[in-house]
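Undergrad: Each chain, written out:
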Amino acid sequence: MVTLLDNPIVQSAVLPFLTALALGLVLIFIVPRWFSLALPASFYPVAFLIAGLQVLPLNSTRKILVIGVLAVIAALAADKLSVAIRRYVFIAAVVTISIAWVLWPVYTSNGINLMQLIGGMVYSLWLVVAIDYQHKHANTQQLTAMMLAASIAVIATLGASALLGQLSGALAAVLGALLLVLVLTNKPARSDLMVLPAVLLSTLLSLAAVFYSGLNWYSLISLGVLPLIAFIPMSVDNRWLRLVIQLVLMLPLVAISVYFAMPAVSDSGYY
Amino acid sequence: MLRNLVAVLFLLTSVNVFAAVEQYEIDPAHTYPNFTINHLGYSKMHGRFGTTSGSISLDRDTMMGSVDITIDAASVDTGFKKRDDHLRSPDFLNAVEYPTITYKANNVKLNKDGSGMVKGKLSLAGVTKDVTLSVDQMNCAIHPFDPSKQKFVCGFNATTTINRSDFGVKYGLPAIGDEMQIEFEVEAVRK
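So the protein lines, in turn, are chains H and X.
In terms of this note's numbering, the first sequence has 240 at position 240, counting the first letter as 1, and numbering is strictly consecutive.
In terms of this note's numbering, the second sequence has 127 at position 127, counting the first letter as 1, and numbering is strictly consecutive.
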């Protein structure tokens, strides 16, 4: 059992997927309003399995996990803000502070310049807001968040750090399971509630992969286009077919991202 | 008269004590901390750090002193760039966030034959732990190639074994070994 739990595939795919699937099914039938809470409830146990329970020393990966927890609280608080502009100002503040906290050490040690720091903030803010804006299309929103996390899992694993890749992979598995629950049950549920922590975690992991692990920054550019797929007009009523079409449209963007991450993996296979 | 005698004796003793403690600067061209770790149960992998600096204080009469070594974490070299990049990443050394590995010891105790123990603190990836080094033999002498015969060098090999998980470096456990043999091959030049 212990050996099984040590397996990276189990940690970052099988376990989070099955946990989220079970929790999602329970929540969507019993308390659909809190369906999204299956995300942190499924992700964090495996995140601690992958990264360990220690919080100190507070390195960038641990900061990201702490931010994820705080973002859950922030997302619940943002949900109480009825005026959209106030909500987005609040979200922008959360994202900006989070990025600054994670990247500040590398910025102060001249590892990155101010433009890169601001670029990271703009990139994260764009993705959080653009995916949050899709709240009227629950399945598409979930798919976009899942594809973002899955892409980061692939490029981080190939070109930067297995730890960051595994965490992104676990997040993608959770989002995928919740998407499956949404599509299978076709029940109305508050699936958008945890978009802030989900997307913020993904973008923070991607920025950590770039600034702490040497992933090519331009491998993230095409992932910034992922949310735009949702805005392509489609006269397809079947929810499965709609998702498949959107998935197919997203794949080239993922492929571009992986392509740009490839120089860093040209010598892979040393393991 | 007695007071003067005591004062002279005290002065002589003090001069002797202070004169006996010598300061050495680590020679980066001949100091390479290196490590060995089990690779997936197949074999031992070796690596070393290319950039090291620091100082040593040593009283060769009492064979006691202190050590302060700073290693550039990014200088890790296993002879394969991709693996070195991975070792620098947050999976292992996290070299961007923790650019240096340090070993500081105020408790150097050597025997007359140069062997002995060094008890100090190793800081790796932001975690500091007590680590004791075992010194096989310290040799100190005038450098044979120095034409002026002024360059006085001490050198030693010190070894220890740590568990990397104690320092929060847990990637790939248990497949990639937890136990790391570390060897410090040190040469230091007297200032």
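Worth flagging that the hints you see were computed from the coordinates, not collected in a lab.
Mixed in with the good hints, there may be bad ones.
Restricting the straight-line Cα-Cα distance to at most 30 Å, the calculated cross-link-like pairs of lysine-lysine (DSSO-like) are [to be verified]:
| no. | chain 1 | residue 1 | chain 2 | residue 2 |
| --- | --- | --- | --- | --- |
| 1 | X | 44 | X | 129 |
| 2 | X | 149 | H | 63 |
| 3 | X | 112 | X | 44 |
| 4 | X | 121 | H | 63 |
| 5 | X | 81 | H | 63 |
| 6 | X | 112 | X | 129 |
| 7 | X | 151 | H | 63 |
| 8 | H | 63 | H | 80 |
| 9 | X | 151 | X | 81 |
| 10 | X | 82 | X | 109 |
| 11 | X | 44 | X | 151 |
| 12 | H | 136 | H | 80 |
| 13 | X | 151 | X | 112 |
| 14 | X | 129 | H | 63 |
| 15 | H | 63 | X | 44 |
Undergrad: Can you confirm whether the C-alpha distance between residue 44/X and residue 129/X stays at or below 30 Å?
TA: Within the cut-off at roughly 24 Å; holds.
Undergrad: If you draw a straight line from the CA of residue 151/X to the CA of residue 63/H, is it 30 Å or shorter?
TA: Violated, at about 49 Å.
Undergrad: Regarding the pair residue 136/H and residue 80/H, is the alpha-carbon distance no greater than 30 Å?
TA: Holds - the C-alpha atoms of residue 80/H and residue 136/H are around 17 Å apart, at most 30 Å.
Undergrad: Would you mind confirming whether the straight-line C-alpha gap from residue 151/X to residue 112/X stays at or under 30 Å?
TA: 22 Å, holds
Undergrad: Sort out whether residue 63/H lies within 30 Å of residue 149/X, counting only the CA atoms.
TA: Cα-Cα ~55 Å, so violated.
Undergrad: Keeping to a limit of 30 Å between CA atoms, is the pair of residue 44/X and residue 151/X held or broken?
TA: At roughly 37 Å apart (the allowed maximum being 30 Å), residue 151/X and residue 44/X break the hint.
Undergrad: Does residue 80/H sit within 30 Å of residue 63/H, going by the straight-line distance between their CA atoms?
TA: Since the Cα atoms of residue 63/H and residue 80/H sit roughly 26 Å apart, the hinted pair holds (cutoff 30 Å).
Undergrad: CA of residue 81/X to CA of residue 63/H, is that 30 Å or under?
TA: 28 Å, holds
Undergrad: Within 30 Å, alpha carbon to alpha carbon, are residue 129/X and residue 63/H?
TA: Within the cut-off at roughly 22 Å; holds.
Undergrad: Does the alpha-carbon distance linking residue 112/X and residue 44/X stay inside the 30 Å limit?
TA: 34 Å, violated
Undergrad: Does residue 63/H pair with residue 44/X here, judged by a C-alpha cut-off of 30 Å?
TA: Cα-Cα ~34 Å, so violated.
Undergrad: For a C-alpha distance cap of 30 Å, please report whether residue 82/X and residue 109/X respect it.
TA: Violated, at about 40 Å.
The earlier numbered hints that this structure contradicts are 2, 3, 7, 9, 10, 11, 15.
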